[in-house]
Amino acid sequence: MACPYRLIVPSVLTHNSFEFFLDQLPSEDKLEKSEIILDLHLLTSLSPYGALTLLLLSEYLKSFEVSLKTESKKNHTAEQFFSVWGLDREENSGISFCPGKESLGEKVFLPLTRISSEQDIYTVIDFVRDRLSLPQEQTYDLVVAISEIAQNILEHSRSTGFVNIGKGSTRILGKEVLNICIGDAGIGIPSSLENKLRDCSKKELDRVALYKTLFEGVSRHDDPGRGNGIIKTRGIIERHKGKMMLRSGRAKLWGNIASWQIERFMRKSLCFFPGTQVNLSFPLS
Amino acid sequence: MTYTVLKLKDLVKRQIKGKYADLVTRQIGRGIFALLENEVRKQEEGTVLVLDFFDIGALDYSCADEIFARLILLLQNNEYGEKYVLFTNLSLHHKENLQIVLEKKDLAALIREEGTWEVLGSLDNYLFQTLKTIMKEGKISSSELSHRLHLALNTASMRLSNLSKLRLVSKKGAVNSLGKRCFIYSSLLEVKN
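Protein chains in written order, with our numbering: chain A, 1 to 285; chain B, 286 to 478.
Chain A extracted, bound-state conformation (with noise of 0.2 Å):
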């Protein structure tokens, strides 16, 4: 039997080490009934976009019959971050999702929680308006940008998805932050694009969907009307200083940046990594 793939967890995982955490993965033609380990033993701090992406990580290795398994080495804070973000392990085992296992922990304000209808987007907006107390526009605003990016997960990813919330404050100037992760392990942003970018090189396509995304508004449908969830929350997000990064397939970008800047800011030629997640940072005050 083939020796067992191990990929280390670093210690804080977040948007930015997850690129570098994916790297470690090996490639789809590997994947296929094989072993992984998941090596927690380094973790030490779990962002709400690094749980969200590894329930998803798991839910995309079924499909690949890959045997999962995750290692702590007795590391308690692992466990306490995956427990405060809803999910689940056992050693020599994968990550499932565990809703309302244990309660909040002090940088948790919404563990993930399963979108695969409405009803459940409503389930979020309801929770949010309840515990937060912002001036009604800026409730609103919130409501908005929460809502236009789940219910992308129902109208394109063909699967459902998860959303999770977290506290944090701004390194500089210390102020109160929600950081809102919305990701599905769907067909992504590129796929679902491209009949409407057929003169794309495949090499391109990844990076140019997310272009016309967040801002030119392209949708896979004709109508006008469609198009506009994401484009409009980027602008929701940058009149409220906060902001917004877009990660599908092989590329990522940051929505609060003017169009001179994409090639500064794109990330493209990453691991690929399926369906779409969005990363929102939005200011309370």
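Bear in mind the hints are in silico, worked out from the structure with no lab data behind them. There could be a bad hint or two in this list.
Stated by the list, open to error - Taking lysine to aspartate or glutamate and the EDC-like style, the derived pairs with C-alpha atoms no more than 20 Å apart in a straight line are: (1) K302/B / E79/A; (2) K294/B / D199/A; (3) K268/A / D199/A; (4) K380/B / D130/A; (5) K69/A / E79/A.
No experiment lies behind these values; they were computed from the predicted model shown.
Start from chain A and add chain B according to the hints.
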């Protein structure tokens, strides 16, 4: 002209279990549109349906597109006969998001507020100036508009006809003082509710 007030909150509550009456997601929008369309069909010809946003929370673009852009488009395409829609009690948030959705589809809607009105969406300036005259006068014929704005009669007539097609004013056949048949175009705000 008869007026029917429809509280959007009641439609939301029939469609979704939630604490707040937020108008979000395309799928929920489709459900609410079906309920709304049923109400529109029930109304008599010449009715103005007043869509009341009182107590409505957030409005997202997808839901606004499914409900309001679709309704206005079908009204303009004469799917429901001579019926009209007015919006009332909108917050700044509702107006901003509705504006984006209507503008993208080149549609316009009339908003009624206490003692005033405004148009959301996309409307050519010359039509807006004509609409302002009608709102001020309450009712007007082509010849009266032609006289008031110093326009050629066919230009005045065309402007009124366009506003009527956009369902921003109502149109009724009448006989003028010379015994000739003409059309009278009326403001949708004519009767206070």
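Cross-check of the supplied hints:
{"no.": "1", "hint": "K302/B / E79/A", "in the structure": "violated, 35 Å"}
{"no.": "2", "hint": "K294/B / D199/A", "in the structure": "violated, 46 Å"}
{"no.": "3", "hint": "K268/A / D199/A", "in the structure": "holds, 19 Å"}
{"no.": "4", "hint": "K380/B / D130/A", "in the structure": "violated, 24 Å"}
{"no.": "5", "hint": "K69/A / E79/A", "in the structure": "holds, 15 Å"}
Consistency with the previously given hints fails for numbers 1, 2 and 4, ordered from lowest to highest.
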